[in-house]
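Following the hints, put chain B in place on chain A, whose structure we already have.
There are 2 protein chains.
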Amino acid sequence: MEIEKRFSKMSKRMRSSIIRELLRDATNTSIISFGGGAPDPETFDREALSKLSQEVLTNEYQYALQYGATEGDPILKDEFIKILKERHGITGLEHDNLLITVGSQQALDLMGRIFLDEDSYVMVSHPIYLGAASAFRAYGPKFITIDLEEDGLNINQVESALKDLDKKGEISKLKFIYTVPNFHNPAGVTMSLEKRKALIELAHKYDVLILEDDPYGELRYEGERLPDIYYLAKGEGVMLLNTMSKIMSPGIRIGMIAGDKQVVAKAALAKQGADLCTPTFTQRLVARYLQQGTIFNKVNEAIEVYRKKKNLMLDALQKYVTVEGAKWTKPEGGLFIWVTLPEKYDTMKLFEEAKKVGVAYIPGAAFYVDDRTSSDLRLSFCLPPEDQIEEGIKRIAKLL
Amino acid sequence: MEIEKRFSKMSKRMRSSIIRELLRDATNTSIISFGGGAPDPETFDREALSKLSQEVLTNEYQYALQYGATEGDPILKDEFIKILKERHGITGLEHDNLLITVGSQQALDLMGRIFLDEDSYVMVSHPIYLGAASAFRAYGPKFITIDLEEDGLNINQVESALKDLDKKGEISKLKFIYTVPNFHNPAGVTMSLEKRKALIELAHKYDVLILEDDPYGELRYEGERLPDIYYLAKGEGVMLLNTMSKIMSPGIRIGMIAGDKQVVAKAALAKQGADLCTPTFTQRLVARYLQQGTIFNKVNEAIEVYRKKKNLMLDALQKYVTVEGAKWTKPEGGLFIWVTLPEKYDTMKLFEEAKKVGVAYIPGAAFYVDDRTSSDLRLSFCLPPEDQIEEGIKRIAKLL
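Line by line, the protein sequences give chains A and B. Numbered according to the working numbering, the first sequence spans residues 5 to 404. Numbered according to the working numbering, the second sequence spans residues 5 to 404.
Think of the hints as simulated: they come from the structure by calculation, not from any bench. Since we're looking at a predicted model, the values are computed, not measured. Check before you lean on any hint, since a few could be wrong.
It does not matter which identical chain is meant; a pair holds if it fits inside one copy or across any two.
What the hints assert, rightly or not - Cut-off 30 Å, straight-line C-alpha distance, at most; resulting in silico cross-link-like pairs (BS3-like, lysine-lysine):
(1) K209 <-> K146
(2) K146 <-> K167
(3) K312 <-> K402
(4) K177 <-> K13
(5) K167 <-> K334
(6) K265 <-> K16
(7) K171 <-> K16
(8) K171 <-> K331
(9) K353 <-> K201
(10) K265 <-> K312
(11) K265 <-> K359
(12) K238 <-> K9
Bound conformation, chain A alone (with noise of 0.2 Å):
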């Protein structure tokens, strides 16, 4: 049977698995990776939820091993309402705001089936998060990309393209902007209060949603915490996506959508369609993690652990990078530092020469929609032990 000319226009849309080898290769553990955003496992709370698997388990297994609603646990829902509420100052959210989801990914993946038509657009960074990428460029729609600078999106690409599209009339095909404001993957760049502010102006004034995914919030090293769009805009026109993979465990895979009653219901026919439910079990289990209320500070003894590593990565880019014209960002939070070398560069390219030395990052063109060759890097400080952090970082400086 030949079955390549029976695949649906959907399934040729997705990336060829090119960069998924190459992200395989990154996460190769025989060498010293920067690759994945993996985080350390040794920041995972086993004890407690050792523990907590085996009281669910034993007093809840009617819940926990039986099939539960699409919508997600209304335990875990309000431990999610108190954390917004506590943490974000979001107030008013009830359970029908919210949708618990497999991981973030999911969550965009839903967004892209229930809004995306060939026809429509997307507003996104450029560069962009891989998952984001590939979840809704499966649905067809045209990407319309906007530079991060330093401090975020460039505003004023923003503005003009939303003005471009209004004059044209297609503004009603943008379904949505999508940003993470908080510690960009890959750019490692957060947005200021003041392009917040401008991007829900500019989203309010040409009537399009926002879609704010904050799944590296918690991780702040430096500096003061910024409000979220979600809260700066009241609600009004943006749906909040959020994990527990980079404050708790990746491998548990729980998400949420918060905002809109009308997008989450939507939202939840789509994931009856998509997988029926999330597991039970799993929920039940992050809901009475969460009633501890030790996870903060948990996540506190993370944050120690990676500043520690992101400082040492920008000790050691400081001192062994001697290339004219190489950058790179000084996160304040998140995993992820972003390298731009001069344009001679392929990181592609280098990718292979990095593999033989025993070192891995993500090149730059993975987290473009174009088809662009790129002199960026992402590397990620998280996963290696810190003693292979400035080898690591030698060796890349010795190819260049």
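Quick look at chain B alone, frame taken from chain A:
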């Protein structure tokens, strides 16, 4: 912001929430519910799972709380390959022939995603499993519906539909034939060996893929086990879906797709955009549980429970439902009895009456992809306690 008009074409194809409301009523625990297909939670092996979950999080937290490969846990794949060999006689499967999914609902969605376009056809039984209908419908294909007989799909209809498509030059647009050969949901019927062979022959003749979904095969109460279509076809042109939902736990959300490597690879690519990976914790937990080798002892206990409940329900139907022309299937396994009433009954309308007297079922109309009214209804005997089964049937009979 006016949201409704912004939703995608895909989202508009998703079935309205009427059915979902109905399912919610059907799983309301304050009434006698013959609605949902949820297993009896007392059949869950909670002690073993509780102990293992602690061990997994203590000893394997570096895997079980971390991101995993989209394709699935290799140890779990080993166990599935072993089960497929020992219990299904299927040999020669390698890791690349398997994708682990979030329940078989995700497997259905991924098959839709990689194969179906708006101009595609899928051939399905009528009635059809609700979850398959909603997974496929989202992608907008045309349904070719085939009646179910007591021994499975009406093969003459299959043949003439295939011939028809071939004559119209549209056979390549038929992406697959979807079938639940064992203890069909909702109809309870099992496809005979002869029909399995005939279906394979036709599918091979017209070069069409078969999608075999087998969630209930292990729940056989009487009669002799029949070989899988996949087995009979030696895997040629068949993809096999399975799940732990009915033999271990639905809340754990572990399903799988087995078959052609090219299809599995494409489904994995689709899954990467959909949710990155299935929770590593639940995958590893199921893997360690299967390694214990006790699962089918536990399934045998469940079979005893369900056989008794099924017989109770059949007896009650026999005793109380005296409406002339009413008939029902006598399933040899699975969880469902399909009752067909004389045409004057509309089981959707009757459902409201039934709720008032404290009993619920799923109206037949839920299982048809056209908008017909139906005099069928699906009864599930697995969840209600034994003493409620007779009482529930008595109440339904009284309404008739």
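To see whether the hints hold, each was checked on the structure:
1. Proximity of K209 to K146 under the C-alpha cut-off of 30 Å is restricted to the intra-copy arrangement: shortest distance 22 Å within a copy versus 41 Å between copies.
2. Taking the shortest Cα distances, K146 and K167 sit within 30 Å of each other inside one copy (17 Å), while across copies they are farther apart (40 Å).
3. For the homomeric pair K312 and K402, the shortest alpha-carbon distance inside one copy (24 Å) is at most 30 Å, but the shortest distance between copies (73 Å) is not.
4. In the homo-oligomer, the alpha carbons of K177 and K13 lie at most 30 Å apart both inside one protomer (21 Å) and across protomers (12 Å), since each shortest distance falls under that limit.
5. In this homomeric assembly, K167 and K334 never come within 30 Å of each other (Cα to Cα): the closest approach is 33 Å inside a single copy and 65 Å across copies.
6. Taking the shortest Cα distances, K265 and K16 sit within 30 Å of each other only across copies (17 Å), while inside one copy they are farther apart (33 Å).
7. Taking CA atoms no more than 30 Å apart as the test, K171 paired with K16 passes between copies only; the shortest distance there is 28 Å, against 32 Å inside one copy.
8. In this homomeric assembly, K171 and K331 never come within 30 Å of each other (Cα to Cα): the closest approach is 38 Å inside a single copy and 64 Å across copies.
9. Taking identical chains as interchangeable, the C-alpha atoms of K353 and K201 are never at most 30 Å apart, the minima being 40 Å within one chain and 52 Å between chains.
10. Proximity of K265 to K312 under the C-alpha cut-off of 30 Å is found in neither arrangement, the shortest distances being 41 Å within a copy and 44 Å between copies.
11. Taking the shortest Cα distances, K265 and K359 sit within 30 Å of each other only across copies (28 Å), while inside one copy they are farther apart (48 Å).
12. In this assembly of identical chains, the alpha carbons of K238 and K9 lie at most 30 Å apart only when taken from different copies (22 Å versus 48 Å within one copy).
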